[in-house]
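Q: What follows is each chain in one-letter form.
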Amino acid sequence: MENGILPLLGFGAEGWGDQLLWGAVLTVCLALSTLPLGLTLGFLVSLGRRSEERSLRFSATLFTTIFRGLPELLTLFLIYYGVQIGLSAALKLMGIPAVVEINAFVAGMVALGLVFAAYASEVFVSAFSGIAGGQSEAARSLGIGRLTTMRRVIMPQLFRLALPGLGNLWLILLKDTALVSVIGLSDILRQSSIAARVTQEALLFYSVACFIYLMLSLVFTLLIGRLEKRFDRGLVRS
Amino acid sequence: MSAPSVPTGEMTAGMPPALSIEARPAPAPAPRGWSIARLGGYAVAAVWLGLLALLVFYLVSVFSPEFMTRYGPRYLDGLWTTLLLVGISVTIGGLLSLPLALARLSGNPILNGAALLYTTFFRGTPLIAQTFLVYYGLGALNAELKSIGLWWFFREAWYCAIFAFSLHTAAYQAEILRGAIRTVPSGQREAAKTMGLSRWITFRKIILPQALIVALRPYGNEIVLMIKASAIVAVITVYDLMGQTRFVFSRSFDFQAYLWAALLYLAIVEVLRRVWDVLEERLTRHLKR
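These protein sequence lines are chains H and G, in that order. Here the first sequence is numbered in numbering that gives the first Met the number 0, starting from 0 and rising by one per residue. Here the second sequence is numbered in numbering that gives the first Met the number 0, starting from 0 and rising by one per residue.
For the record, the hints were derived by calculation from the structure and aren't laboratory data. Yeah, the Cβ is synthetic: ideal placement off N, Cα and C, and Gly gets one too. Where hints are given, some of them may not hold.
Here chain H is said to cover these stretches of chain G; the calculated rule only asks that three of the stretch's residues, wherever they fall, bring their Cβ under 8 angstroms from a Cβ of chain H [stated by the list, open to error]:
| id | segment |
| --- | --- |
| 1 | 59 to 68 |
| 2 | 128 to 141 |
| 3 | 153 to 160 |
| 4 | 169 to 175 |
| 5 | 254 to 261 |
| 6 | 274 to 281 |
Listed next, the in silico DMTMM-like pairs over lysine to aspartate or glutamate satisfying Cα-Cα at most 20 angstroms (straight line) [said to hold, decoys possible]:
| id | chain 1 | residue 1 | chain 2 | residue 2 |
| --- | --- | --- | --- | --- |
| 7 | G | K204 | G | E221 |
| 8 | H | K91 | G | D253 |
| 9 | G | K145 | H | E121 |
| 10 | G | K145 | G | E155 |
Have a look at the derived ranges for each label pair, beta carbon to beta carbon [to be verified]:
| id | chain 1 | residue 1 | chain 2 | residue 2 | range |
| --- | --- | --- | --- | --- | --- |
| 11 | G | L75 | H | F158 | 43 to 53 angstroms |
| 12 | G | W33 | H | K228 | 43 to 53 angstroms |
| 13 | G | A36 | H | V197 | 53 to 63 angstroms |
| 14 | H | T198 | G | V270 | 43 to 53 angstroms |
| 15 | G | R69 | H | S32 | 19 to 29 angstroms |
| 16 | H | P155 | G | A36 | 33 to 43 angstroms |
| 17 | G | L149 | H | F158 | 29 to 39 angstroms |
| 18 | H | I130 | G | L149 | 20 to 30 angstroms |
| 19 | G | G186 | H | G9 | 22 to 32 angstroms |
| 20 | H | L90 | G | V270 | 19 to 29 angstroms |
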């Protein structure tokens, strides 16, 4: 142990540096590909929550209740095993005996996206209530259509108000990606586990894993701060 | 006095009828048309209800007394383990969070910096990585731990889980508490000072009670988050609700294992949310007008 930890973390055949780096890349990729799904779905759910139509409100509330109430790990398992078993059973019904295996990456993306959407819808709902009702009324009196009002008047203001909450959710998502290591995706945590098992240096590698997550969090905290400043640039300083 | 004051009743009676609008029943509400929103809403709701019906149908069709008698006790055992784990960790975390929050609020840069480092670490890394760090990482130091007599503690996954969870939730609870204490107006502290109350009494009797009311809602959210997060102890071989579920699934290869767990988790979270609403209603009743 004393003959240096640096070779262990170095790049190349001896060191685990490159594996850990690829783990970090995979973690960020998974989080980034979850984001569009989660944001879109979350926005739609928030529209449903605010709708005058009761059936839409019911569906949206049911969605958030379920995905905010289930543990993320369980959601992941439900998607990962549930879709495989469900699809296999459906194919069997159609007379095609096949075992369906779905990609762990896709399963992680869908599961984390659903959870992200449930929380993001809450953020959007409170952001909507921060926009004065006069905005859409004014747009309507100018003869602007509903879709254009949403796109050009409401949404630019909405994202500014929702950004702090969404930033928090993004940091949570980044940490939640660690769960996919359980279904065998080679993210930071799984690569560290493999390294720890092979080298018998568990403390070192799990510390490094925590350090990488910490660095990712710090980097993205700074980026979100910059983004918030940029969104605020149209605001008159009082 | 014979002032020319005309009684009001006479005045209205004398008004020309053209100025008053006769009372008439409210117009009938416009018929709810089949708007796109309504059609879409019905479609989405139908999909949801279909899925729920499918779930119920599936659970009924695969329901077997044998499964229940064989694995039912395991679920109850796992449920109890989950609640115990969260209860103990949240309590220890709550005790730890008080000095942390005070350190963050103190003017001392060393105390403040140390507390900031602590909260940044535990809030910036995933709980599952922290749990692995404690269980596998510290477990690798078994020779050192044996020499200082702590091996019995870090050898058990259960103790490691409580250890990691307590430290984790302490960081979050410290932030909740810090934010809540800062919402108490400084006039409260000043008023207490002019009455000659000591700093400790001021904190305990005046600042903390007001802060805890503000912190009530975030505390409830934190407990819900901990219940959900506690599922990851299944990975380090603790048989909580999730651990038992994984065991049952590995034995039976029956997907209903996961569905029962999902229903149980949803039930715990819903019950906790309801209880918290009642609690909040009761504790803030003096603030209502």
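Q: Within 29 to 39 angstroms or not, the Cβ separation of G/L149 and H/F158?
A: About 50 angstroms separates the Cβ atoms of G/L149 and H/F158, which means 29 to 39 angstroms is violated.
Q: Count the residues of the segment 274 to 281 of chain G whose CB lies closer than 8 angstroms to any CB of chain H, then report whether that count reaches three.
A: violated (count 0)
Q: Counting residues of the segment 128 to 141 of chain G with a beta carbon closer than 8 angstroms to any beta carbon of chain H, are there 3 or more?
A: Coverage by chain H holds here, the residue count being 10 at a Cβ distance below 8 angstroms.
Q: CB of H/L90 to CB of G/V270, is that within 19 to 29 angstroms?
A: Once the Cβ atoms are compared, 39 angstroms apart, the range 19 to 29 angstroms for G/V270 and H/L90 is violated.
Q: Could you check the hint for me, namely that G/A36 and H/V197 are 53 to 63 angstroms apart, CB to CB?
A: Holds, since G/A36 and H/V197 (Cβ atoms, about 57 angstroms apart) stay within the stated range.
Q: Would you say the C-beta atoms of H/T198 and G/V270 sit inside 43 to 53 angstroms of each other?
A: holds (45 angstroms)
Q: Quick one: are H/I130 and G/L149 within 20 to 30 angstroms, going by C-beta?
A: violated (55 angstroms)
Q: Counting residues of the segment 153 to 160 of chain G with a beta carbon closer than 8 angstroms to any beta carbon of chain H, are there 3 or more?
A: violated (count 0)
Q: Keeping to a limit of 20 angstroms between CA atoms, is the pair of G/K145 and G/E155 held or broken?
A: holds (13 angstroms)
Q: How does the Cβ-Cβ distance of G/G186 and H/G9 compare with 22 to 32 angstroms: does it lie in that range?
A: violated (59 angstroms)
Q: So if I understand the rule, the pair passes when the alpha-carbon distance is 20 angstroms or less; does G/K204 with G/E221 pass?
A: Between G/K204 and G/E221 the Cα gap is close to 24 angstroms, so the pair fails against 20 angstroms, i.e. violated.
Q: Do the alpha carbons of H/K91 and G/D253 lie within 20 angstroms of each other, as the hint requires?
A: holds (17 angstroms)
The earlier numbered hints that this structure contradicts are 1, 3, 4, 6, 7, 9, 15, 16, 17, 18, 19 and 20.
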